[in-house]
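Let the sequences and hints guide you as you build the complete structure.
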Amino acid sequence: MKTGSKILGIAMVGLLLLLNTLARSEEFTKKMSKSFDVNKNALLELKNKFGKIQCLNWDQDIVKVDVEITINTSNQDKADKYFNRINVDISGSADKVSVITSYDDNLFKNNNNDITIDFTIQMPESLQLEVNHKFGDLIIEKITGNSDISLGYGNFDIAALAGSGNMLDIQFSDGKIGYVKNVELELKYSDLEIDEAGSMNAETKFSDFELGKVDVLTLETGYDDDYIGFARDADIESSFSDVEIRNLSEKIVADIDYGELKVKEVDASFSLIDISNNFADASLGISPQASFKLVATIKMGSFNFPENDARFTVVDLSHTSQKYEGIVGDDENTTSRVLIDTKTGGTNLYFR
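Residues 1 to 352 in this note's numbering are what the sequence shown lists, from first letter to last.
It cannot be assumed that every hint is accurate.
Straight line, CA to CA, 27 Å or less: simulated DSSO-like cross-link-like pairs of lysine-lysine [said to hold, decoys possible]:
1. Lys31 - Lys47
2. Lys299 - Lys176
3. Lys213 - Lys262
4. Lys142 - Lys78
5. Lys34 - Lys205
6. Lys213 - Lys47
7. Lys262 - Lys142
8. Lys96 - Lys30
9. Lys81 - Lys40
10. Lys49 - Lys31
11. Lys81 - Lys96
12. Lys31 - Lys134
13. Lys52 - Lys262
14. Lys47 - Lys188
15. Lys30 - Lys40
16. Lys52 - Lys64
17. Lys299 - Lys343
18. Lys49 - Lys262
19. Lys78 - Lys96
Derived DEER-like restraints, expressed as beta-carbon distance ranges [said to hold, decoys possible]:
20. Ser199 - Asn106: 40 to 48 Å
21. Leu339 - Glu210: 24 to 32 Å
22. Asn75 - Glu203: 17 to 25 Å
23. Thr70 - Leu339: 16 to 24 Å
These aren't lab readings, by the way, just hints derived from the structure by calculation.
No residue lacks a Cβ here, since even glycine has one placed at the ideal position from N, Cα and C.
Okay, here's the thing in structure tokens:
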């Protein structure tokens, strides 16, 4: 009993010391602000870690930079020591504004202090933008210049990237983009939702990717769940992913390994469906007003199609393979083509 009482007493003392330390923790801030007159197509460069970046539009040809460093620690002397180890370099000219954070290598090692470095930028939407940010959130309103954005371990909300060239590298992050015109996207271990895109070249891995509408899509996907609401032209290479397209208007070329492709609605005026699937299933719901030339080769797999609407010139069936060539639909002179190459998988073509 005495030993137990001693242990309890020591634990209570430790708890009181901890609570006392927490109670003595205070918030200390350091603020910086600079403004620069800029040309309409000037470059804004931002590099930061451990904080929030907000890029907000206004109607002035001025970039205004506000930086706030916040430290939670026990007293002002300790806070000043940390402030002195953090450098935020704000520099600019009419053509370029840079805000770059640097610190000594051991700042975030072996300390229990809460440190954040927040940028708030007011800027014209016409700027070009370069952002490299980790361990924090990113908010961007509209940019009509080109952008190059790298984000890791954060959340983000981007209204519009309307420039002709945009590059996005997103890892271990979640967020949403309203509109992006043309983009090169690399997405890993993240959740991304884009409402609308013009032309997109995307490589996605271990992610959830949702794209509402896209004109031209090139997608290399692995171990993902991908959903596209509408695509005019899609070129997809997929491994161990589930890909769904709600509506396709013109063309799809897809190479699918170990996963699934679903295209729920294909317009009657489509030009090409070219599907290669290996250990994967594919299903496409085609408009009943469509006619198309069909060439299908199936090995160790299954194939369903609108048999009542098909007229074949070649049918070659064996225990392990099937081959079909002919016309499906009423128009003998159709220029629409469907090419199917299935190995150890299943393909389902149907009039929806």
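Inset, instruction - Take a quick look at whether lysine 30 and lysine 40 sit within 27 Å of each other, Cα to Cα. - result: violated, 31 Å
Legend entry - Restraint check for lysine 47 with lysine 188, where alpha carbons must lie at most 27 Å apart: holds, 20 Å
Inset, instruction - Confirm or reject the claim that leucine 339 and glutamate 210 have a C-beta distance inside 24 to 32 Å. - result: With Cβ atoms ~28 Å apart, the hint holds.
Legend entry - Pair hint outcome, lysine 81 versus lysine 40 [Cα-Cα no greater than 27 Å]: Outside the cut-off at roughly 39 Å; violated.
Inset, instruction - Decide if the proposed pair is consistent with the structure: lysine 34 and lysine 205, CA atoms, cutoff 27 Å inclusive. - result: It is violated: about 40 Å lies between the C-alpha atoms, which goes past 27 Å.
Legend entry - Given pair status - lysine 262, lysine 52, alpha carbons within 27 Å: Between lysine 52 and lysine 262 the Cα gap is close to 38 Å, so the pair fails against 27 Å, i.e. violated.
Inset, instruction - Take a quick look at whether lysine 213 and lysine 262 sit within 27 Å of each other, Cα to Cα. - result: Judged against 27 Å, a Cα distance of about 16 Å means the pair holds.
Inset, instruction - Below or equal to 27 Å on CA atoms is what counts here, so check lysine 49 against lysine 31. - result: holds, 17 Å
Legend entry - Satisfaction of hint between lysine 78 and lysine 142, Cα-Cα up to 27 Å: violated, 40 Å
Legend entry - Hint consistency between lysine 78 and lysine 96 [alpha-carbon to alpha-carbon, up to 27 Å]: Since the Cα atoms of lysine 78 and lysine 96 sit roughly 35 Å apart, the hinted pair is violated (cutoff 27 Å).
Inset, instruction - Take the C-alpha atoms of lysine 31 and lysine 47, compute the straight-line distance between them, and say whether it is at most 27 Å. - result: Roughly 17 Å separates the two Cα atoms, so the pair holds.
Inset, instruction - Measure nothing beyond the straight line between the CA atoms of lysine 31 and lysine 134; if it is 27 Å or shorter, mark the hint as holding. - result: Given that 27 Å is the threshold and the Cα spacing comes to 21 Å, the pair holds.
Violated hints, listed in ascending order, are 2, 4, 5, 6, 7, 9, 11, 13, 15, 18, 19, 22, 23; each of the other numbered hints is respected by the structure.
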